[in-house]
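K.L.:
Sequence:
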Amino acid sequence: MRLLAIAAALLLVSLPAAGADSGVTRAQQQFEAGRFSEAINTLLDAARTTPDDAAVYFWLGRCYFELRNYRDATAQNEHAVKLAPNNSQFLLWLARAYGRQAENHHSFWLAIRSRNALEEAIQADPNNIPARRDLAEFYSEAPWIVGGNKRKAREQIAAIAAIDPLQGGLAQAEYDRKNGDPGGAETELRRVLEAKPVRVDEYYEVADYFASRGNAAMVQQAVDGASAVTPSDPRLAYYRGVILAIEGQRLPDAESYLKAYLAATADRSDFPPHANARTWLGQVYEKMGNRLEAAEQYRAALAIDPGSEFAKQSLKHLERQ
Numbered sequence: 429m430r431l432l433a434i435a436a437a438l439l440l441v442s443l444p445a446a447g448a449d450s451g452v453t454r455a456q457q458q459f460e461a462g463r464f465s466e467a468i469n470t471l472l473d474a475a476r477t478t479p480d481d482a483a484v485y486f487w488l489g490r491c492y493f494e495l496r497n498y499r500d501a502t503a504q505n506e507h508a509v510k511l512a513p514n515n516s517q518f519l520l521w522l523a524r525a526y527g528r529q530a531e532n533h534h535s536f537w538l539a540i541r542s543r544n545a546l547e548e549a550i551q552a553d554p555n556n557i558p559a560r561r562d563l564a565e566f567y568s569e570a571p572w573i574v575g576g577n578k579r580k581a582r583e584q585i586a587a588i589a590a591i592d593p594l595q596g597g598l599a600q601a602e603y604d605r606k607n608g609d610p611g612g613a614e615t616e617l618r619r620v621l622e623a624k625p626v627r628v629d630e631y632y633e634v635a636d637y638f639a640s641r642g643n644a645a646m647v648q649q650a651v652d653g654a655s656a657v658t659p660s661d662p663r664l665a666y667y668r669g670v671i672l673a674i675e676g677q678r679l680p681d682a683e684s685y686l687k688a689y690l691a692a693t694a695d696r697s698d699f700p701p702h703a704n705a706r707t708w709l710g711q712v713y714e715k716m717g718n719r720l721e722a723a724e725q726y727r728a729a730l731a732i733d734p735g736s737e738f739a740k741q742s743l744k745h746l747e748r749q
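If you read the sequence shown in my numbering, its first letter stands for residue 429, the second for the next number, and so on.
Hints were generated in silico from the structure; no laboratory data involved. Please read these numbers as outputs of a predicted model, since none were measured by experiment. Beta carbons: idealized from backbone N, C-alpha and C, even for Gly. One should not assume that every hint holds.
[Said to hold, decoys possible] Derived pair list, reagent style SDA-like, types lysine to any residue, alpha-carbon separation capped at 20 Å:
| no. | residue 1 | residue 2 |
| --- | --- | --- |
| 1 | Lys-624 | Asp-661 |
| 2 | Lys-624 | Arg-579 |
| 3 | Lys-606 | Asn-555 |
| 4 | Lys-715 | Asn-643 |
| 5 | Lys-715 | Asp-661 |
| 6 | Lys-624 | Asp-609 |
| 7 | Lys-687 | Lys-715 |
| 8 | Lys-606 | Gln-648 |
| 9 | Lys-744 | Val-657 |
| 10 | Lys-580 | Ile-591 |
| 11 | Lys-740 | Ala-692 |
| 12 | Lys-624 | Val-657 |
| 13 | Lys-715 | Lys-744 |
| 14 | Lys-578 | Lys-624 |
| 15 | Lys-578 | Phe-536 |
| 16 | Lys-715 | Asp-698 |
| 17 | Lys-606 | Glu-569 |
| 18 | Lys-606 | Val-657 |
| 19 | Lys-580 | Glu-569 |
| 20 | Lys-580 | Pro-554 |
| 21 | Lys-624 | Ala-590 |
| 22 | Lys-687 | His-702 |
| 23 | Lys-715 | Ser-640 |
| 24 | Lys-687 | Asp-698 |
| 25 | Lys-624 | Asn-607 |
| 26 | Lys-715 | Glu-747 |
| 27 | Lys-715 | Asn-607 |
| 28 | Lys-606 | Ala-623 |
[What the hints assert, rightly or not] Pair by pair, the computed Cβ-Cβ distance ranges are:
| no. | residue 1 | residue 2 | range |
| --- | --- | --- | --- |
| 29 | Gly-642 | Asn-577 | 17 to 27 Å |
| 30 | Gly-676 | Arg-582 | 16 to 26 Å |
| 31 | Asn-577 | Arg-454 | 36 to 46 Å |
| 32 | Pro-554 | Arg-579 | 31 to 41 Å |
| 33 | Asp-553 | Gly-676 | 31 to 41 Å |
| 34 | Glu-721 | Ser-640 | 40 to 50 Å |
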């Protein structure tokens with residue numbers, strides 16, 4: 429069960445702000461720079477002076493989430509929701525924290541709480557597309573005992589498409605992929621590209637899918653679209669490195685792109701994971717014939733994300749040779 433739209437890159441959502449006196453503005457700047465621990469210290473100071481500011485606890489939850497401390501992320505988001513029970517974004521991120529804990533602890537109870545929070549987020553704001561996409565994914569993938577229901581998943585996808593056809597196409601592609609219809613997924617994603625989105629994250633979601641299929645030409649098409657929207661986006665270095673890694677061409681350039689991405693970005697949930705970047709870098713070294721460097725990168729990826737199937741399979745493949 430994946431509650432974050434990764435693999436793919438996550439959707440950027442509009443997030444609540446607070447007055448400058450609360451310290452939230454400075455914490456948001458630290459958050460955007462990837463300085464999550466600094467932001468936590470700023471927010472803890474703010475909590476002592478403005479203990480009833482829900483945004484303080486929301487951003488604390490976001491910071492802990494990025495640090496993969498899902499227990500504290502849950503606690504802080506619960507506090508934010510207690511103070512602002514009808515805030516759809518607070519409920520969305522509470523659901524995501526519950527969902528990560530449910531995955532880590534194999535907890536049906538936490539999975540149900542995640543589903544409930546997503547449903548409440550949509551009740552609070554029916555136009556909250558990230559919440560609808562997470563809920564569609566939950567319904568599609570979760571066992572029936574915690575509320576999984578493919579009919580309900582399709583209903584959510586239809587509701588998303590009615591609000592935003594491109595997001596509806598992406599949601600349908602995700603549903604098709606997870607339910608054994610890669611042809612349907614590819615058709616939907618090609619339609620998204622043909623529509624020329626104005627939001628860069630839609631291109632990256634398409635790029636992630638085709639990268640997982642080893643289709644460098646389609647990744648290139650998505651990257652061309654993204655670079656036309658935001659030519660200075662640091663994520664472009666990652667995808668350019670991925671294209672060359674798949675093609676097995678200009679491998680020193682692929683190495684440079686991936687290293688540049690790792691050096692320039694924080695490991696955050698709305699960017700390609702650093703574990704994936706290191707795994708692709710390992711594949712570059714493997715194609716260069718440098719098995720020791722490849723193994724080092726695969727193990728570094730697993731140190732970042734022990735559950736990464738991409739890194740696990742890459743390392744197993746290397747060790748079998």
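K.L.:
So, for every hint listed, does it hold in this structure?
P.N.:
Cross-check of the supplied hints:
Using a Cα cut-off of 20 Å, the hinted pair Lys-624 and Asp-661 holds, with the two alpha carbons roughly 17 Å apart. Simply put, Lys-624 and Arg-579 have alpha-carbon atoms about 30 Å apart, too far for the 20 Å limit, and the pair is violated. For the hint linking Lys-606 to Asn-555, the alpha-carbon distance of about 24 Å lies beyond 20 Å, and the restraint is violated. For the proposed pair Lys-715 and Asn-643, the alpha carbon gap of about 17 Å is at most 20 Å, so the pair holds.
A threshold of 20 Å between alpha carbons decides the hint, and for Lys-715 with Asp-661 the separation of about 27 Å lies outside it, so the pair is violated. Taken as a hint, the Lys-624 and Asp-609 pair is broken in the structure, with Cα atoms around 24 Å apart against an allowance of 20 Å. The hinted pair formed by Lys-687 and Lys-715 meets the criterion: a straight-line CA distance of about 16 Å does not exceed 20 Å. For the proposed pair Lys-606 and Gln-648, the alpha carbon gap of about 24 Å is over 20 Å, so the pair is violated.
Taking the CA atoms of Lys-744 and Val-657, the gap is near 38 Å; set against the 20 Å cutoff, the hint is violated. The straight-line distance between the Cα atoms of Lys-580 and Ile-591 is roughly 17 Å, inside the 20 Å bound, and the hint therefore holds. For the given pair, Lys-740 sits about 25 Å from Ala-692 by alpha-carbon distance, which is inconsistent with the 20 Å threshold. Taking the CA atoms of Lys-624 and Val-657, the gap is near 10 Å; set against the 20 Å cutoff, the hint holds.
For the hint linking Lys-715 to Lys-744, the alpha-carbon distance of about 15 Å falls within 20 Å, and the restraint holds. Restraint check for Lys-578 and Lys-624: not satisfied, since their Cα atoms lie roughly 29 Å apart, outside the 20 Å limit. Note on Lys-578 and Phe-536: the hinted pairing holds, with a Cα-Cα distance of about 18 Å set against a maximum of 20 Å. Between the alpha carbons of Lys-715 and Asp-698 the distance comes to roughly 29 Å, so the proposed pair goes past 20 Å and is violated.
The hinted pair formed by Lys-606 and Glu-569 meets the criterion: a straight-line CA distance of about 8 Å does not exceed 20 Å. Straight-line distance between C-alpha atoms of Lys-606 and Val-657 comes to about 29 Å, which puts the hinted pair past the 20 Å bound. For the hint linking Lys-580 to Glu-569, the alpha-carbon distance of about 11 Å falls within 20 Å, and the restraint holds. Under the criterion of a C-alpha separation no larger than 20 Å, the hint pairing Lys-580 with Pro-554 is consistent with the structure, at around 15 Å.
In summary, the hint linking Lys-624 to Ala-590 is supported, as the alpha carbons are separated by about 18 Å, within the 20 Å threshold. Distance check on the hinted pair: Lys-687 and His-702 sit about 10 Å apart at the alpha-carbon level, within 20 Å; holds. With a C-alpha separation of about 18 Å, the suggested pair Lys-715 and Ser-640 falls inside the 20 Å cut-off, and the hint holds. For the proposed pair Lys-687 and Asp-698, the alpha carbon gap of about 19 Å is at most 20 Å, so the pair holds.
Between Lys-624 and Asn-607 the alpha-carbon distance is near 26 Å, which puts this suggested pair outside the 20 Å criterion. Of the pairs offered as hints, the one joining Lys-715 and Glu-747 holds, with about 14 Å between alpha carbons and a cut-off of 20 Å not exceeded. Straight-line distance between C-alpha atoms of Lys-715 and Asn-607 comes to about 32 Å, which puts the hinted pair past the 20 Å bound. Of the supplied pair hints, the one linking Lys-606 and Ala-623 is violated, its CA atoms being roughly 23 Å apart against a limit of 20 Å.
Against the hinted window of 17 to 27 Å, the Cβ-Cβ separation of Gly-642 and Asn-577 comes to about 33 Å, which falls outside the hint. As the Cβ distance of Gly-676 to Arg-582 is approximately 39 Å, the hint placing it in 16 to 26 Å is violated. The given range of 36 to 46 Å is respected by Asn-577 and Arg-454, whose C-beta atoms sit roughly 43 Å from each other. At roughly 19 Å, the beta-carbon separation of Pro-554 and Arg-579 lies outside the given 31 to 41 Å, and the hint is violated.
Range check, Asp-553 to Gly-676: Cβ separation about 46 Å, and the 31 to 41 Å hint is violated. Hint check: Glu-721 to Ser-640, Cβ distance near 23 Å, so the stated range 40 to 50 Å is violated.
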